[in-house]
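J.: Protein chains in written order, with our numbering: chain A, 272 to 585; chain B, 850 to 1234.
Relax, there's no trap hidden among the hints.
With a cut-off of at most 27 Å between alpha-carbon atoms, the simulated DSSO-like pairs for lysine-lysine come out as follows:
| # | chain 1 | residue 1 | chain 2 | residue 2 |
| --- | --- | --- | --- | --- |
| 1 | B | 1190 | A | 384 |
| 2 | B | 914 | B | 1190 |
| 3 | B | 1050 | B | 914 |
| 4 | A | 512 | B | 1118 |
| 5 | B | 1050 | B | 965 |
| 6 | B | 1092 | B | 1118 |
These are computed hints drawn from the structure, not numbers from a lab.
It should be emphasised that the depicted structure is a prediction, and the values quoted were computed from it without experimental measurement.
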Amino acid sequence: MFTSVAFIIGTTLMYSTPLIFTALGGTISENSGVINLGLEGMMTMGAFMGAAIGYLSGNAWIGFIAAGLAGMALSLLHGLACITFKANQTVAGIAMNFIGPGLALFLSRILFKGGTETPPLSLDAKIPRPLNGLFPQNSFLDNVLNQYWTVFIAFALVFVVWFLLYRTRLGLRVRACGEHPRAADTLGINVALVQFTAVSISGLLAGFGGAAMSVAVVANFRPTLISGQGFIALAAMIFGKWKPQGAMWACLLFGGAQGLVIFLGRSDIQAVLPIPSEILSMIPFVLTLIILVTFVGKAVAPTADGIPYDKETE
Amino acid sequence: MSSVAQNGPDLQDVGGVRRKIHPLTLTLLSVLFGLVIGGIVLALAGYDPFAAYWIILQGTFSRPKYLAYTIIYATPLILTALSVSFAFKTGLFNIGAEGQFIIGTIVAAVLGFYLKLPPIIHVLVCIVAGMAAAGLWGGLAGYLKARFGVHEVISTIMLNWIALYLNNYVVTVIKNARHLTNPTTPPIQPSASIEFFSSWKDTAPGQSWRALHPFWDDVFRTPLNLGIVLAVLAAVAIWYILKRTTLGYQLRAVGFNRFAAEYGGINVKRGMFISMAIGGALAGLAGVGHILGWTKYIASLAASEGYGFNGLAVALIGSSNPFGCILAGLLFGMLSYGGSKIQNELGAPTEIINIVIGAIVFFIAMPKLITLMISRFRRGEKDVH
Chain A
272 MFTSVAFIIG TTLMYSTPLI FTALGGTISE NSGVINLGLE GMMTMGAFMG AAIGYLSGNA
332 WIGFIAAGLA GMALSLLHGL ACITFKANQT VAGIAMNFIG PGLALFLSRI LFKGGTETPP
392 LSLDAKIPRP LNGLFPQNSF LDNVLNQYWT VFIAFALVFV VWFLLYRTRL GLRVRACGEH
452 PRAADTLGIN VALVQFTAVS ISGLLAGFGG AAMSVAVVAN FRPTLISGQG FIALAAMIFG
512 KWKPQGAMWA CLLFGGAQGL VIFLGRSDIQ AVLPIPSEIL SMIPFVLTLI ILVTFVGKAV
572 APTADGIPYD KETE
Chain B
850 MSSVAQNGPD LQDVGGVRRK IHPLTLTLLS VLFGLVIGGI VLALAGYDPF AAYWIILQGT
910 FSRPKYLAYT IIYATPLILT ALSVSFAFKT GLFNIGAEGQ FIIGTIVAAV LGFYLKLPPI
970 IHVLVCIVAG MAAAGLWGGL AGYLKARFGV HEVISTIMLN WIALYLNNYV VTVIKNARHL
1030 TNPTTPPIQP SASIEFFSSW KDTAPGQSWR ALHPFWDDVF RTPLNLGIVL AVLAAVAIWY
1090 ILKRTTLGYQ LRAVGFNRFA AEYGGINVKR GMFISMAIGG ALAGLAGVGH ILGWTKYIAS
1150 LAASEGYGFN GLAVALIGSS NPFGCILAGL LFGMLSYGGS KIQNELGAPT EIINIVIGAI
1210 VFFIAMPKLI TLMISRFRRG EKDVH
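Produce the entire structure from the sequences given, and follow the hints as far as they go.
T.: Here's what the structure looks like:
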């Protein structure tokens, strides 16, 4: 029983991590007033870059950084459209979701002899686990805390992003641009610069999120690796009411349901409680819907979220 | 996200460039620029872009069979695009066409296999049941939004996944013993097929007729089916509902300004449900047609196949106009069917097509850039003269 709980908590943390990175990215971008519907594409790009550069360089950390930069590159494109050319942000985001995965697979085929999967990293070339071997194997603490570095970084980032948004000047400016860009502009804030900063951080984090999947949870990139996690992160951000801590709880809920699914799918549990795996897999999604209906009231986005700010128009 | 829900991505009203550019100009230029970007990416990767586009053109137009396949590829996309467009008009963002499509395929595969009915009736039953089920699936998202304020983007993302696993569950329950590596359901009864002349074209009289008509012989090598006719009829019906009926007027009013609509006595909540339900039924029809016309069974899915998401792109390229969706769907069908050939013939990754589609949508998002380029171009002309 005790180890079962530890197992569920451990898998929860592992599966929440990529979502937390990405949802934090979404939170920053939308607080600055730019909808980032392209998280999925940026995450896929990051997952590919992380695995590819991690494999080619033999160092998962270099891959992880490259993943963030790749996500950021895509987000600069999104920023160019949304901020410079006042694009419809939803439509630009959809474009990112075609360009990101398209480019990832295109590059994969060129770099890896026509293959859409990157070669697997060896186990010791993955992101390391800082607390590995500290606790007796399969003990409670080992199950819960023996996690990849990415897990610790993601939770640290929740605090960092919260601090950035609510305790720094930049954060105040970011939120001002999301609530009332004209007022921010009047006070001498460079709205475009602040929004570009926020959007590129969001791409960086989404790229990290993808890499947290491809160089930590698993050890390579494949076309179905991300499939929809960027959208789930987006949902988590809305669910978390556009706040970093809210997004984290939503991701944990989702990861927790995923952990439960993996636990209930274990052969020893299936022997006692035989539920078809397809029905089990629905649990996280059904649970999210039920919680949305019963507990969470109407979510309110930043006031100017999604409205391009144009100095010249009245 | 809230502004998307309220205003909808109405392409002409973006960023203060209202009415300065004709939507068709925007679309055509975006398609052109998208193809140019794709060409640049190909050239950078060391492939000849002209050869690639030539292969796509040849792969679409050089044989009747290719044309038929292009239409087959385009059919579900036209319908999912209509689904997305319809919700757009009411200010709702239907990411759920993906799941609604899957619900349509499940109903078609199950009823197509289990029911024993005369030919036309069997097809009609499958279509009505599939559209109804998918309509309820879509309507559920509308209901959750209207009644509980659940953002339709979240609910439809969740419903997509539930539909996907439901599909996989159904496949395990009625498994076809012959496909063991990738489980599928057994094929539908011939009476449920909507493939053109499917029972005749391979018989002796059919073969001898085909020997005399090489064009049709080539077409009949493909599962060309009634789906495209249904898609065109659906486009006409949607155009009619939106432009010529009270319901369409009310739904569009909700899309323009839901508060004004409410003040004007329109039941906004009912509108949200109806809009998502009709959108769901359209995506469901896409799924039904896909099964009855082409695949004939459903298979276990590792990830969504993208009919709904591609429908989003098609709807945007078609500027949410029912007839625009048909043309954009055919363009998408051409790029994805013709584009699938550049891998073999040129060795260039087919994923370039996704980059091209993404680039087209990217330019469509930026009418301001296109207007700017047009005005620069015109000014440049004046300087010369």
